[in-house]
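A.B. asks: First to last, the sequence lines map onto chains A and B.
Take 14 as the starting number for the first sequence in our numbering and just add one per residue.
Take 51 as the starting number for the second sequence in our numbering and just add one per residue.
Please keep in mind that the hints were generated in silico from the structure rather than gathered at the bench.
For glycine and all other residues, C-beta sits at the position ideal for the given N, C-alpha and C.
Do not take every clue at face value.
These stretches of chain B come out as covered by chain A in the derived footprint (C-beta under 8 Å, 3 or more residues) [stated by the list, open to error]:
(1) 83-90
(2) 126-140
(3) 192-203
Sample of chain B residues at the chain A side, in silico, Cβ under 8 Å [as the list claims (entries may be wrong)]:
(4) Asn146
(5) Ser150
(6) Leu154
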Amino acid sequence: MGAVGEYIKSAIASIKNNKGRSFLTMLGIIIGIWAVLTVLVIGDGLRAEAGGQMESLDVVTINASLDVTKTDKYFTPDYMRTIEQDMSCIYGITPSISWWGTATGKKRAYDIYFSAGSEVLAKKGDNKILYGRYFTEDDVDDSNYVCVISQTAARYLFGYENAVGETVDVSDADMTVEFTVVGIREDTSRDKDYAKNDSPALLGDVPYTAVARAYNKDVNALFTEVTAYLHKDNKEEANSKLRSVIENVLDIRGDGAVKIKSSSGMDATADTILNVVTVVVTLIASISLLVGGIGVMNIMTVSVTERTREIGIRKSLGARTGSILTQFLAEASILTFLGGIIGIILGLSTAKIACSLVGFSFIVNPVSMIVVVAISTGIGLFFGIYPARRAAKLDPIEALRSE
Amino acid sequence: MKKLVEIKDVSKIYNPGENEVRALNHVSLTIGEKEFVAIIGQSGSGKSTLMNMLGCLDTPTSGKYFLHGQDVSHMTDDEQSDIRNREIGFIFQGFNLIQSLTALENVELPLIYRGVGKKERERLANAALNSVGLEKRKTHRPNEMSGGQQQRVAIARAIAQAPPILLADEPTGNLDSASSKEIIKIIKRLYSEGRTVIIITHDPGIAKQAKRIITISDGKIQSDIINPDYKED
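Could you build all of it, start to finish, from the sequences and the hints given here?
C.D. replies: Now the structure itself:
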């Protein structure tokens, strides 16, 4: 086995003796690995970015709206609770409204953007409570002035994160209401984006009933559109049942006044696009690797011809067919191995720059690095076979005679 | 005297058929251990074919070749490689050093193919270089040395793994007369140390340095005499 080490050493020496040519030979491999790796790593970053939403893909939504030309009914809080009771396959149902205001905490005032709904909003994937709790069914039913805000919002308003129990004045036009913070949720990328603005905006959730109460509106005549939250496994069942349940509860059977719209699954589309891009780039890179491999074969064949005499000398000294074969295979695979390493360095650098530009996290999967190195070394082994066999099969007398 | 090389009725025919060339024509030859033989012949006489045959670089078309009593006339390439490595040290006219390797690395080559470990290899290669007076040139590459020095590296390489036979093909053909004398002196010394030396040459001046002179022409041995003028140095 020690001999193999010697062949590798002599292969490295030979690559060093031909630096320029070796580099040009590696170029095809370098570019191929570079391209593949860049796309793979950016793809991983993109998937991780979508990860929050991906996780919440377990939770899907269905929208239901009333055609106001066909009915004058509204989704009242009572109706909504009844629908929830009649449909065990959903987590809950809520109107989806948003509310801008100015929030004044201990420190100073900021714009705040509230998602208002029922306690079922807690099921949204990006609602991870860090401190305190989400608002409850009772909070909704009692129209309590309570809110859940993000980590960033808590820091901006109060100067620290665990602000559970603090109060915040929320005002809009002449109206001002004091809300109690009952929970702090983990930041999402949106929180960071909103807070980055010149005039930072904060995010939080409130019960929809509290908003109605603040504006002194009749909550029984506000909502013609609701969103049901459910586990994705229940999607079919919920889709088929929701319309008839709503028609029953609201007593509008046969009017054709209920429109149902399932969530379209944007993330799945993005994932498909990403997969297509990955396949296309992988294909291009494979061609580059193939061409690179043929380049290696070409140069190795030239090298064998140039070094015919050396091969003859080695044979006369007792080199077996296998020794010569190993030497040239080692040379080809070290060449492509180095190409792979350079490609990895370039690919990771490019991906790191790209990821930091678009704000993805830079994730390096060690397994794919090993696979890449194995592939590039394998290309050298494969495309080195032909020239190496040629070298090994040379007749020593002929080889010694050549100049 | 023990037989080392025994060639029995060997022929080598190139281009069998109408234009066939009989490079060796029913040649028989025995060389014992610790002999000093010159094989002399003009170009085209068949001496190179004979040398390739003796060096296990080529196989006979017919006849048998016994080396150390072992029939080596019909071996596979790898078996021939092993025999060359174990039994024969080549000294070529054109030195045949590998240009990208240092003197020491060149001398180590046959030991690598022998499977000798690194330490032992370096010790043997150093000893061989010392014995040809090149202790100061070990890290030099062939193109940094004179022809005489290169040939001495080649000799060191040939003796590094102590083969019983040294096969020298026109060893002084590319050298000036001073270097030639030096090389012949070394070869004679190697003989006196107990090796079998076979020199293939066209030069009677070189041939008469040997103890036994075999003349070959037209693929046949014309004469095989003990050199009356042989003198020890």
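A.B. asks: Now tell me, hint by hint, if it's right for this structure.
C.D. replies: Against the structure, the hints come out as follows:
With a cut-off of 8 Å between beta carbons, the segment 83-90 of chain B has 0 residues touching chain A; three or more are needed, and the interface restraint is violated. A stretch counts as covered by a chain when three or more of its residues have a beta carbon under 8 Å from one of that chain; for the segment 126-140 of chain B and chain A the count is 8, and the coverage holds. A count of 0 residues in the segment 192-203 of chain B with a Cβ less than 8 Å from any Cβ of chain A is obtained; the coverage claim is therefore unmet, three being the minimum. The restraint placing Asn146(B) at the interface with chain A holds, with a minimum CB-CB distance near 5 Å, inside the 8 Å limit.
Because the smallest distance between the Cβ of Ser150(B) and any Cβ of chain A comes to about 5 Å, under 8 Å, the interface hint for this residue holds. Annotation: interface hint on Leu154(B) violated; nearest CB of chain A at approximately 13 Å, more than 8 Å.
The structure does not agree with the numbered hints 1, 3 and 6 stated previously, though it agrees with the rest.
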